[in-house]
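The listed protein sequences correspond, in order, to chains A, B and C.
For the record, in the first sequence the residue sitting at position 398 is 552 according to the numbering used here, with numbers rising by one throughout.
For the record, in the second sequence the residue sitting at position 99 is 766 according to the numbering used here, with numbers rising by one throughout.
For the record, in the third sequence the residue sitting at position 60 is 125 according to the numbering used here, with numbers rising by one throughout.
Watch out, some of these pointers could steer you wrong.
[Stated by the list, open to error] DSS-like cross-link-like pairs, simulated, lysine-lysine; straight-line CA separation at most 30 Å:
#1 C:Lys248 with A:Lys570
#2 A:Lys570 with A:Lys558
#3 A:Lys558 with C:Lys248
Read the hints as simulated data drawn from the structure, not as lab findings.
Since we're looking at a predicted model, the values are computed, not measured.
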Amino acid sequence: MSGTFVGMPVFPSAARTALADTQLRHNLAHATSTIRGKRSRLVEEVDESIGGDDSGWERLRLAGAAVKESALRDLDRHLVALEEALTARGATVHWARDAAEANAIVVSVAKAHQADEVVKVKSMVTQEIGLNEALEAEGVLAWETDLAELIVQLGDDLPSHILVPAIHRNRAEIREIFLRRMKDVGRPAPADLTDEPAVLAGAAREHLREKFLRAKVAVSGANFAVADTGTLVVVESEGNGRMCLTLPEVLVSVVGIEKVVPTWEMLDPLLRLLPRSSTGERMNPYTSTWTGVTPGDGPQEVHVVLLDNGRTRALADEVGRQALRCIRCSACLNVCPVYERTGGHAYGSVYPGPIGAILNPLLRGTGDPQTDSLPYASSLCGACFEACPVRIDIPEVLVHLRAKVVDGHRGDRVPKAEAVAMRAAEFALSDARRLGWAERASGVAGRVAGRFGRRALPGGRRSLSRVPGGSAWTSARDLPAPATESFRTWWKRTDGGREETR
Amino acid sequence: MSAREEILGRVRSALEGVERLTDVPVAPRVTTAADRVVELFVERVEDYRAVVTRCAPADLAATVRAALPAGGTVVVPPGLGVEVPGAIEDTGLTAAELDRIDAVVTEARVGIAETGTIVLDHGPGQGRRALSLVPDQHVCIVRVDQVVTDVPDAVALLDPLRPLTWISGPSATSDIELDRVEGVHGPRHLHVVVVG
Amino acid sequence: MRVALMVTCINDAMFPDTGKAVVRLLRRLGVEVDFPAAQTCCGQPMVNTGYLDEAVPVVRAYAEAFAGYDAIVTPSGSCAGSARHQHGIVARRSGDPALVDAVAELGPRVYELSEFLVDVLEVTDVGAYFPHKVTYHPTCHSLRMLGVGDRPRRLLEAVRGITLVDLPAAQECCGFGGTFAVKNSDTSVAMGADKARHVRETGAEVLVAGDNSCLMHIGGMLSRQQGGVRVMHLAEILASTEETSAEHSSVELTATNVESDAEVLR
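I would like the entire structure built from these sequences, with the hints used as guidance.
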């Protein structure tokens, strides 16, 4: 089955490998530019259809952010209300502190029904807790039914995108995976399978239909959980969600506690923001909502597992808390220039991209080198914040988490070279006189460098292609030699240019 | 301590001193002219590559018949307000039995113009959820007076205690190179009949 | 109105011509700027790398240097963004309420150059002359943190003799990102390579932007690739006139300067 992210290298090393994969770079650039175009056209359409002086989309974002924020700031009350409403409607509510507890609950439900397989709706949270592996260890096979998840599962691969876990695969690769692997786990792919997306989708339909028709137990996540009514919401495209939520006798939904929305009416801005931000559609093909058990319609045994697994840790972080507003649309991935080039695997988590760079450290805590490398996996360009439908200020949280990483090393007996450099900079930059001395020293260096520099760089000086200790910069970029006279020296010498003589 | 108590305790301690947010701004509404709503609904449903036919109430039966595959098997829910000759009424068919039926005819609870969405609340005339899911073609009847402007209007009308299915076009996926293709697990053909 | 120039540490040490251009330009527009000699750096390199404690004395030096000015003008969207949006974080970290108040007071008085010209001086035609084909890269912090919008473009469009061409994928980050450029240098270079390619595709002679740090990165890529495009700060183009344009756009002349500096050293 699919692999795990355990033991992933730190981001810069993983990124280096990914950057060298030209097929990956091509697949990602193509896919993300397609989705960016679709999304931005819809944002313009919303601005037009809402009208008014302020951007309609911005007002919708503000409303969506406020709904999630209000839920988080009153989370204990909403969770209790959700539990009460669900129980009143015939659902069984479980609470899980961590992945192991949640997995054990799902396993026990499957075992109670002698199920040796379950069908799964695409769900980030069950990826996060490694549910498939936990089920498999207990002899229960978990079938992923979302097309991209199926591609990842059949390819023994790892997800690389929140919405489209197989975004790193193109149609030719998908065809090859289907031909090679479908026959091992069920209905084989037709021998004349082409790489037309519609044909590939048709093959997935045929392959999975027998599994939908026979499965007794289904597992889902939820996009939203409405506290005042006990309603769960699954937003999807293919109908695999509807199949899982409707046909089996037993349904287990694993729901992160941050999925709570206070009231039914408050779903409105979120249901308008999510599809436009994720697939670039006015509305996704299917949204299912259900409230406990409906006699005579759908699963007659309904379980809901409310999961913490680090969410309360994130909630306690006053700057990072906003990351729990995330509705997993993946707009931040699609606009991120880093993600577009490195892909999702480099982040070493089921949550890649800008949101992953903050969510993973917030959920797990900082302290291990891989997690600590994630907040630095950003140029802080701000495109993610601009695209986020619930206004998570990802750059702000990234900078906050970088400080947490640095603070975690303040007690180190041997400080990192970077820390030493920063303290030297602090010394020079907290006093203009000391800065002046440093600049005079670099001016001498500039004169020397100017003499040996290879090429003229714009801005007035020779450029350097090699600097001692500077290979991270100069391996691919020239560096201008320092100016021979700093601005402050010039200002003093010429009285701000008033006494300048040519 | 139970997991429940511990999680709620952690939440409470994380939120210590954090002010509640009571002032949630009302989401902005679209400004679609009332006389354009049905027209917009039709356009937007068609955008998803669903087939839309408009008809007068007197022509409904004929329109539905014309929308169905010739010689195909058809299932209808109890309480459907239109006669579909030759159709089987659902009396609790198994999923496997439904899988052998070509088409289903249902009514809907509400249509949403801005997003081209139909919502079923699975009441009389709409059937249980499996009915409009397993057969490959879904013919869905929406009355013009059921069409509302946008999502907030629908949310206000719908009863969350009923199971709801929001349908926007035929089943589709963007999972291959983020490009939308129609036709995965849900009905591959959606035909919406707008009456009135 | 007392106006201070925040030249920024990188311009002070590496790109003094940009600072000189701002002084010349504002003087031409009738504004005499002060250069508070106590200024050093906005502290952004430390804040963005996670060294908040180390940034405290730097921000304190900033607050002391610029206290009392009505406007603080800087030829850097990034440093303006840092002063407006990050100094509060550092000040809170210091636990010193006086510093919190001081940076809160200074924040709204900070203007990136194009904001100062368009919003405060209310000019778009600054009387510049620059007869070259130019493409403009909107740097991320001026675009998204400050929201300078089309101000730089309006200023450039009013320059006599200029041919302004659109940069493809202009709003995408160049990959500089401060210490990101070295901590994640492979990714940074991959982003820079795409930006440099887009610049070359325009056929422009000059790439202009409002941040020399980004230009140092993109220019370093273009230089290594012998790309045939030079980079200039917005201030230098806006400061150019018929009399000065030859001097400030000629690579030959700068090469001569380098030679004469080398002679000085001898």
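Hint-by-hint comparison with the structure:
1. C:Lys248 with A:Lys570: holds (13 Å)
2. A:Lys570 with A:Lys558: Within the cut-off at roughly 15 Å; holds.
3. A:Lys558 with C:Lys248: Satisfied, since the Cα-Cα distance of roughly 17 Å is no more than 30 Å.
Checked against the numbered hints above, the structure breaks none of them.
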